[in-house]
Amino acid sequence: MRTSLKLIVVGLFALLTILAIGIVNGRPMAVFSAQTADPPDTATQAAFAAAGCSGCHTIPGIPNAVGQVGPNLTNIGNAAADRVAGQDAEAYIRESLLNPNAIIAPVCPNGDCPANVMLPNIGDRLSGQEIDLIVGHLLTLTGEGVTSAPAYELVPIDIERPSEASLTPFAEPPKTYEDAQVLLGKYLFFDSRLSGDANVSCASCHQPDNAFTDGMALSDGYTGMGYFRNTPTLYNMVYNEEAVYWDGRLDATDLPTTVRDHITEAHFMAMDGRLMVERIKQVPEYVQLFQDALGSNPSFGGILNSLTAYVHSLNTAVTPYDLYTAGDDTALSEEAAAGLTLFEASCASCHSGPTLSDGNFYVSGVPENGDIWADPMRHITFRRFFRQLGVPNYRNLTEDVGHYAVTKADGDWGAFRTAPLREVAHTPPYMHNGTFATLDEVVAFYNDGLDLGLTAEEMSQLVAFLNSVSSSELPAVEATDQPAYQLRTLGDNR
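Sequence positions in the sequence shown follow full-length UniProt numbering and run 1 to 494.
Treat the hints as calculated values from the structure; they're not laboratory data.
Yeah, the Cβ is synthetic: ideal placement off N, Cα and C, and Gly gets one too.
Check each hint, because a few of them may be wrong.
[What the hints assert, rightly or not] Computed Cβ-Cβ distance ranges for the label pairs, DEER-style: (1) Gly353 x Asp254: 28 to 36 angstroms; (2) Gly128 x Glu334: 48 to 56 angstroms; (3) Asn101 x Gly143: 24 to 32 angstroms; (4) Thr438 x Ser472: 16 to 24 angstroms.
Working from the sequences, and respecting the hints, build out all of it.
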C-alpha cells in the first residue's frame, strides 16, 4: 500500500511539474537552457511544444527544454540503440512516444524513473508529421557539440501601447486603460501558458488575422475537444453593456468574469488559476510588466483585469456608415444608401446602438449545424455543457437551446443574442453556429423567414449597406513572443 501511494505521489508531482513548467512556442525573449545545440526548424520546435516534452526533459536545441523530471535526452540518439534488443534507435524513440508506459527509461535525474508519469495520450494529440519531426530531432542528439548555456539574462520590455489599441475609435469608449496594462494584457493574450496544457492561447480562437475570430463555423475549443458554437469577434467589446456569449450567460459589464470563464472552463482553456499564477511568476519579464502596470506581483485578478484592458482597447475606426450619418452624403454608395433605408425599416429594431445590437435574445429559427452531432467530440462537449447548466433531458437534445439554458423559460428555447454588426464583413461565417458562409445567405434567410418580400436587387442593397459598417481594412496586429521561464533552484523563490 505504501509503495502504491509513493508511486501515486511521484506521478502527481511529475504531472504538476509538467503543468507548472508549461511549454513555450515561438522565439523566447529570454533564453535559458541547461544544454545548447543548434535549434531545429520552427515546425520541429512547434511539434515539441505540442507534445509538452519541455516540461520534463532536457532536450538540446529546444527552447526552455530544461526539465529535471524525465531522462536527459542529450545523448538519446546513441543511447536508444542499446535499450531494447532487436530495436534500433528510431523504433525505440517512436515506441516511447506512441506507447510511453511500455518502455521505462533506466535513469532519471532524481533516481529511478517511475512508471505512469508520461501522459498516455501524447501520440493521440500529435499528427504523423509531428511525430516524425520529434523522432528525427531526437535521433540527432548524440551528445556531441553540446555546451553549457550562458547565464539567464533578463531582456526588459519597453512600455509602448500596441498599435491596434491606438486607433481613434468610431465613438468615445466608456472605459480607457493605461498603456502598461494594455501591453501586459496583449502579452498574456498571446501566451499559451494560460491554458492547462500550455497549448492554447486566447489568440488560438480569437485570431487577429480573422478580426479576432477563428474564421471557422464552429470553434475548436480546448485541445482535443471541439466546441459547438461560433467564435465571435472581440472588436468593440467595451461598448457592450448587455450580455456576452451567444446564450447571454454572463454580464458584459463584468468582462473579467468572462475572461476567467474562458481560462478555467474545461472546453475553453481548462486552466487552474493557481497554476497559472505560478507559471507567470516564473517569467521575469512578467514580473517586470506587472510592476510597471499594476505596481504588484503577478496575481489571478491582475491577469484577468489586464486581459480585459487589452480586449477593451480593441476598438475599430470610423466606417463609411458613420461618416454618412454624420452628414457626409458621399460616404455611402447609391446601393449602400438604399440598403440603409431598407435596414432602418426591417432590421434596426434589433440591430441598434453603438455596435448595432440591442443585446437582447430572439428566436430566429437558424438551422442546426449537423457537424455538432457528426463529430463525437463536439457532441460530448455539447452534452456536458448543457448538463452543467442544468438543462432537463440534456442527453436527448438535438438542438442548441440557447438562452433557455440560462433562464429555463420556455419562450427562450432557441433564442440567441442579437449579433453586433460592426465589422461584420470581416467575420464570416455567421450566426451562433456558423451556418451561413456569406452575408448574402444571411439576408436571404431573414427575407424568407420573416417574409420581408425583398427583391434580389433589394437584398443586394442590404448587403452593400452591411459592408459599409465595416472598415475597408483592419489594423495589422503583431503577435508578441512568449517571454521565457527562468529555471530556478528549489528554494530560490522564498
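We went through each hint and held it up to the structure:
1. Gly353 x Asp254: 28 to 36 angstroms: violated (19 angstroms)
2. Gly128 x Glu334: 48 to 56 angstroms: holds (55 angstroms)
3. Asn101 x Gly143: 24 to 32 angstroms: holds (26 angstroms)
4. Thr438 x Ser472: 16 to 24 angstroms: Holds - the Cβ-Cβ distance for Thr438 and Ser472, about 18 angstroms, lies within 16 to 24 angstroms.
Violated hint for the displayed structure: number 1, the only one.
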